[in-house]
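Chains A and B supply the protein sequences, listed in that same order.
Per numbering that gives the first Met the number 0: the first sequence ends with 338, consecutive numbering throughout.
Per numbering that gives the first Met the number 0: the second sequence ends with 338, consecutive numbering throughout.
Wrong hints could be hidden among the right ones.
EDC-like mimics (lysine to aspartate or glutamate), calculated; alpha carbons at most 16 Å apart, straight line [claimed, not checked]:
1. B:K145 / A:E302
2. B:K274 / A:E201
3. A:K274 / B:E201
4. A:K274 / B:E30
5. B:K274 / A:D73
6. B:K1 / B:E30
Honestly, the hints are just simulated from the structure, not real lab data.
What you are looking at is a predicted structure, and each value in this text was computed from that prediction instead of being measured.
Number of protein chains: 2
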Amino acid sequence: MKRYRVGVVGLGAVGLEMFKVLEKSGLPISEVVPLVRRNEGSTIEFCGKPLVLKKVGKGAFQDIDIALMAAGSDASEQLAPLAVEEGAVVIDNSSAFRMDPQVPLVVPEVNPQSAQKHKGLIANPNCSTIQMLVAIKPLHDLFKIKRIVVSTYQAVSGTGLQAIDELNSQTRAYVNGQEMPRSVYPHRIAFNALPHIDGFLENGYTGEEMKMFNETRKILDDPQIQVNATTVRVPVLNCHSEAVNIETEKPLPCIDKIREILESAPGVKVLDDVKNNFYPLAIACSGTNDVYVGRIRRDFTIENGLNMWVVADNLRKGAALNAVQIAELLVKNNWLRGA
Amino acid sequence: MKRYRVGVVGLGAVGLEMFKVLEKSGLPISEVVPLVRRNEGSTIEFCGKPLVLKKVGKGAFQDIDIALMAAGSDASEQLAPLAVEEGAVVIDNSSAFRMDPQVPLVVPEVNPQSAQKHKGLIANPNCSTIQMLVAIKPLHDLFKIKRIVVSTYQAVSGTGLQAIDELNSQTRAYVNGQEMPRSVYPHRIAFNALPHIDGFLENGYTGEEMKMFNETRKILDDPQIQVNATTVRVPVLNCHSEAVNIETEKPLPCIDKIREILESAPGVKVLDDVKNNFYPLAIACSGTNDVYVGRIRRDFTIENGLNMWVVADNLRKGAALNAVQIAELLVKNNWLRGA
Chain A
0 MKRYRVGVVG
10 LGAVGLEMFK
20 VLEKSGLPIS
30 EVVPLVRRNE
40 GSTIEFCGKP
50 LVLKKVGKGA
60 FQDIDIALMA
70 AGSDASEQLA
80 PLAVEEGAVV
90 IDNSSAFRMD
100 PQVPLVVPEV
110 NPQSAQKHKG
120 LIANPNCSTI
130 QMLVAIKPLH
140 DLFKIKRIVV
150 STYQAVSGTG
160 LQAIDELNSQ
170 TRAYVNGQEM
180 PRSVYPHRIA
190 FNALPHIDGF
200 LENGYTGEEM
210 KMFNETRKIL
220 DDPQIQVNAT
230 TVRVPVLNCH
240 SEAVNIETEK
250 PLPCIDKIRE
260 ILESAPGVKV
270 LDDVKNNFYP
280 LAIACSGTND
290 VYVGRIRRDF
300 TIENGLNMWV
310 VADNLRKGAA
320 LNAVQIAELL
330 VKNNWLRGA
Chain B
0 MKRYRVGVVG
10 LGAVGLEMFK
20 VLEKSGLPIS
30 EVVPLVRRNE
40 GSTIEFCGKP
50 LVLKKVGKGA
60 FQDIDIALMA
70 AGSDASEQLA
80 PLAVEEGAVV
90 IDNSSAFRMD
100 PQVPLVVPEV
110 NPQSAQKHKG
120 LIANPNCSTI
130 QMLVAIKPLH
140 DLFKIKRIVV
150 STYQAVSGTG
160 LQAIDELNSQ
170 TRAYVNGQEM
180 PRSVYPHRIA
190 FNALPHIDGF
200 LENGYTGEEM
210 KMFNETRKIL
220 DDPQIQVNAT
230 TVRVPVLNCH
240 SEAVNIETEK
250 PLPCIDKIRE
260 ILESAPGVKV
270 LDDVKNNFYP
280 LAIACSGTND
290 VYVGRIRRDF
300 TIENGLNMWV
310 VADNLRKGAA
320 LNAVQIAELL
330 VKNNWLRGA
């Protein structure tokens, strides 16, 4: 069996998670190569052995089959074309190429077939979008979703390692009665809720909110579906939660049937037994791979409405895991060469 | 000028806040009487002087003109009828009588006229409902709201003093690397988001979610208005935030005009300058009286839709302040005698 050399660009929260996911992946890997802009020569551990960090740049991708990029949009804009030119297939976690019509935007449980048409570059969607789409796709297929109203409760890990540090430092300072330091977010995140993720656009929405709108349409290949999002950062370390309200075109069946549909969907786990206080929780999902759905209940205010509470590990399914799953999809279907 | 004896029943988070609000209230007060079920004879400070706690029970309301109750539903069910019988006008913060058709449910900025019809007892609405209604009322008046989809980000102070302690204890334990204690909530609240406020009902909704539905209809006297709520507890000490999406019957004007309308509404402050990262925040509103509205933007997914981010101090406008404002309304209009 052919084995592949996998490069990982970036050692932030998502990059580090990629190594963890790769350790358990079924991908036939001959070598994992950490590619960095600084600190080359240092090592990180992978499968119990040290891996030497290599300098990223011209020539670095010549022996790489699959490059997983998680170093931010600027790095991707610079390095992804180079990697493709040098023959690697790039799976890019940044937002740089997501809306490029030439670049497939893929959630393997939702639109696997899109991956086949790549020209060397595939984009990994936004974390909040991925978990929402994994949860709603089985319902969209059966009942056609017309409109989504979603409010998010997003963890600081989505911003990166320095944001996890910031929440921790602010929390420590609070406990010690000291002034809470702040450098990552424009306002304190500890004991607060910030209705502000990514920059503000002219229309009053944040970048994150418009990603949920635009990426949903592209991934579902449905230019009609409506997504009204409010994205909010909360003092949670890891795992995003979402209050998702959907309106469907076709009548919805009873809740038990909806649970059945979701339970049999790929990547979804239903945790929904409110009588026993059982519903998805951010603190319980960290380090796991599924998208958890609970609080499933009819929205009685419209004819075909449904509410759900959707939680997933934003570093895993929302980023690193989804990227590795795209790589697995390409290898399994022999789609590495692309269109 | 006639001056009134005001009784306050309960010394929990809301009761204590009532004393703070009464200190600054314009109510003509001759005496404030703290009424308690335990610890009578102890004192609490009011306007710099000690007030002796008196035992609540039969006879305790005979000299009381206005009784502000904040000791929970069980206490209100037992004591409110007694207080009314003994001649006090009761303003009850619990949910015990809110949906009783004989009992007005009042937000002074929204439905002041309802207070006039009381028969000795007026109910103070649910905290999440109050702040949402203060924010949407001016728009409902002009454009008729058909449907609201709301997701809340609620502070632990809404549960009470022991919940504030629980978040603090869990936070301290986290910082000290200890196991986080838990007794108030069914799951850890620190660094988590709990989609569970009040008990679960047969229809899958929580009591809190159905309060937002039922109380909104009663307060607006609009049996058609639809409210789809998801209520979530977040690790915030005080002040509830809400992502509010509305759909109106009539066309909405431009956002600048909507801001103008909200700015001139009683009890509302618009904080909406996203280019300067300026929007309402839980940590900034604690101890203040207004309902803050920001992130005002059109919902482009429906014809007449709008999104807002609404924050208020749930102990003040959501509870103690609203109750005292009802008392002020009764006194000002000479409505103490009721219908």
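Hints versus structure:
For the given pair, K145 (chain B) sits about 14 Å from E302 (chain A) by alpha-carbon distance, which is consistent with the 16 Å threshold. Proximity of K274 (chain B) to E201 (chain A) is assessed by CA-CA distance (about 9 Å); at most 16 Å being required, the pair is judged to hold. Proximity of K274 (chain A) to E201 (chain B) is assessed by CA-CA distance (about 9 Å); at most 16 Å being required, the pair is judged to hold. Between K274 (chain A) and E30 (chain B) the alpha-carbon distance is near 46 Å, which puts this suggested pair outside the 16 Å criterion.
Distance hint between K274 (chain B) and D73 (chain A) is unfulfilled; the C-alpha atoms sit about 23 Å from each other, more than 16 Å. Of the pairs offered as hints, the one joining K1 (chain B) and E30 (chain B) holds, with about 12 Å between alpha carbons and a cut-off of 16 Å not exceeded.
The structure shown violates the earlier hints numbered 4, 5.
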